[in-house]
Amino acid sequence: MLKAFQIIVSAILVNNYVLSRFLGICSFLGVSKKIETAKGMGIAVTFVMGLASIMSWLVFNFILKPLHIEYMYTIAFILVIAALVQFVEMVIKKKMPGLYKAFGIYLPLITTNCAILGAVIINMNENYNLFYSFLFAVCSGLGYLLAIVLLAGIRERMEFSDNMPEALKGLPISLITACLMSIAFSGFQGLVQ
Amino acid sequence: MNKALERIKNGVITENVTFVQVIAMCPVLAITTSVKNSIGMGIAATIVLIGSNFVISLLRNFIPDKVRIPSFIVIIASFVTILDFLMKGYAPTLYKALGIFIPLIVVNCLILGRAEAYASKNPPLLSVFDGIGQGLGFTLSLVIVGTIREIIGAGTFYGLQVLPNGYTPCAIIVSPPGAFLTLGILMAILSKIRLNKKISNKRISDYSGCEHCPNIGICHKA
Numbered sequence: 001m002l003k004a005f006q007i008i009v010s011a012i013l014v015n016n017y018v019l020s021r022f023l024g025i026c027s028f029l030g031v032s033k034k035i036e037t038a039k040g041m042g043i044a045v046t047f048v049m050g051l052a053s054i055m056s057w058l059v060f061n062f063i064l065k066p067l068h069i070e071y072m073y074t075i076a077f078i079l080v081i082a083a084l085v086q087f088v089e090m091v092i093k094k095k096m097p098g099l100y101k102a103f104g105i106y107l108p109l110i111t112t113n114c115a116i117l118g119a120v121i122i123n124m125n126e127n128y129n130l131f132y133s134f135l136f137a138v139c140s141g142l143g144y145l146l147a148i149v150l151l152a153g154i155r156e157r158m159e160f161s162d163n164m165p166e167a168l169k170g171l172p173i174s175l176i177t178a179c180l181m182s183i184a185f186s187g188f189q190g191l192v193q
Numbered sequence: 001m002n003k004a005l006e007r008i009k010n011g012v013i014t015e016n017v018t019f020v021q022v023i024a025m026c027p028v029l030a031i032t033t034s035v036k037n038s039i040g041m042g043i044a045a046t047i048v049l050i051g052s053n054f055v056i057s058l059l060r061n062f063i064p065d066k067v068r069i070p071s072f073i074v075i076i077a078s079f080v081t082i083l084d085f086l087m088k089g090y091a092p093t094l095y096k097a098l099g100i101f102i103p104l105i106v107v108n109c110l111i112l113g114r115a116e117a118y119a120s121k122n123p124p125l126l127s128v129f130d131g132i133g134q135g136l137g138f139t140l141s142l143v144i145v146g147t148i149r150e151i152i153g154a155g156t157f158y159g160l161q162v163l164p165n166g167y168t169p170c171a172i173i174v175s176p177p178g179a180f181l182t183l184g185i186l187m188a189i190l191s192k193i194r195l196n197k198k199i200s201n202k203r204i205s206d207y208s209g210c211e212h213c214p215n216i217g218i219c220h221k222a
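Line by line, the protein sequences give chains E and S. Heads up: the first sequence is residues 1 to 193, going by this note's numbering. Heads up: the second sequence is residues 1 to 222, going by this note's numbering.
Just so you know, nobody snuck in bad clues.
With a Cα cut of at most 25 Å, we get these calculated DMTMM-like pairs of lysine to aspartate or glutamate: (1) K169/E - E36/E; (2) K93/E - D65/S; (3) K66/S - E89/E; (4) K202/S - D162/E; (5) K198/S - E159/E; (6) K192/S - E156/E; (7) K202/S - E36/E; (8) K88/S - E126/E; (9) K33/E - D206/S; (10) K34/E - D162/E; (11) K65/E - D84/S; (12) K192/S - E159/E; (13) K197/S - D162/E; (14) K169/E - E15/S; (15) K202/S - E159/E; (16) K197/S - E166/E; (17) K34/E - E156/E; (18) K198/S - D162/E; (19) K34/E - D206/S; (20) K192/S - E166/E; (21) K202/S - E156/E; (22) K169/E - D206/S; (23) K198/S - E166/E; (24) K96/S - E70/E; (25) K34/E - E89/E; (26) K39/E - D206/S; (27) K202/S - E166/E; (28) K192/S - D162/E.
What the hints contain is simulated information worked out from the structure, not anything from laboratory work.
Produce the complete structure using the sequences and hints provided.
Put into structure tokens, the structure is as follows:
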């Protein structure tokens, strides 16, 4: 129980996926102009990450381990993720059009997003069991969702600022905002040993 | 030969991956805490890039268009697996320092981006030079960020002390927030220089969504 709690707090706040582990930076900075799109992207990442963690745990423990080809994990995991994303996209498009409208358009973006592969590899390195893998992946996704929505909220307000120096507009100010958010998040450092 | 040199200049300056294309940002932020790590990461990515560019260029007429992205990913992943082994064996300390970012070279947008934009359309030799150029450009930008962070954050350069003993290292620059800050200020300076020269780079001044991303073709069709 304690370990589960530790994983939750650590993944969402202390070692926040974006702000301290630096995974999924491209989409974090790119898709954070509006809160609405940021939310869609965050939910899509969380969803795929949860599914991918289960699938890749199964593949690693029931295919790679018995065959003693653990070193093939990069190829195996990236294929699992690519297939999964395609599959999820097809299912959601057919069965749940409402959900597809909400975050379906972000699904193709996710195959090459290092957040998913990163979570799966961290799970493997930490030797988590199936439940902890799933928990870690979902909480990392929630950490990503939290960070991207916060950044989008700040950026939406910054749009109204007239006197920002021209040179800072766009990427530079987003990075500096992310820096300040990262400082705020490092305040959680003491929560988990 | 001229074409080869042009490819290298293009990779290092005209189309520099970090400062012009603004892709493959994760390693630039994550592992630039020291110059040593920056060089290691740069070389690792360059080796994979040269290898994958060469093989993809050789196979460019055999890979069906519809399954090209998955094929590229498998080729890149094979090279990353080889690199993983080599680094574990020959550079264990560097391997440990770079950690998860070695397997994550598979999803590095730079490598997939070059496969799609260049290697899949051009002959092998030129693709190799393109790989060298882009790899050098990536290494250069990693080293620039790494140098700034190591000197300010630890007072050293490549492990050697360069600032006097009286200097108190500014530890936040080598911690995660410092990565965002350093890159943010660098980007602002570059953007100022561009403004003075009246060159616009939409990728930096209007960084939003996938509109100006050079890799848009990959993500939206993969």
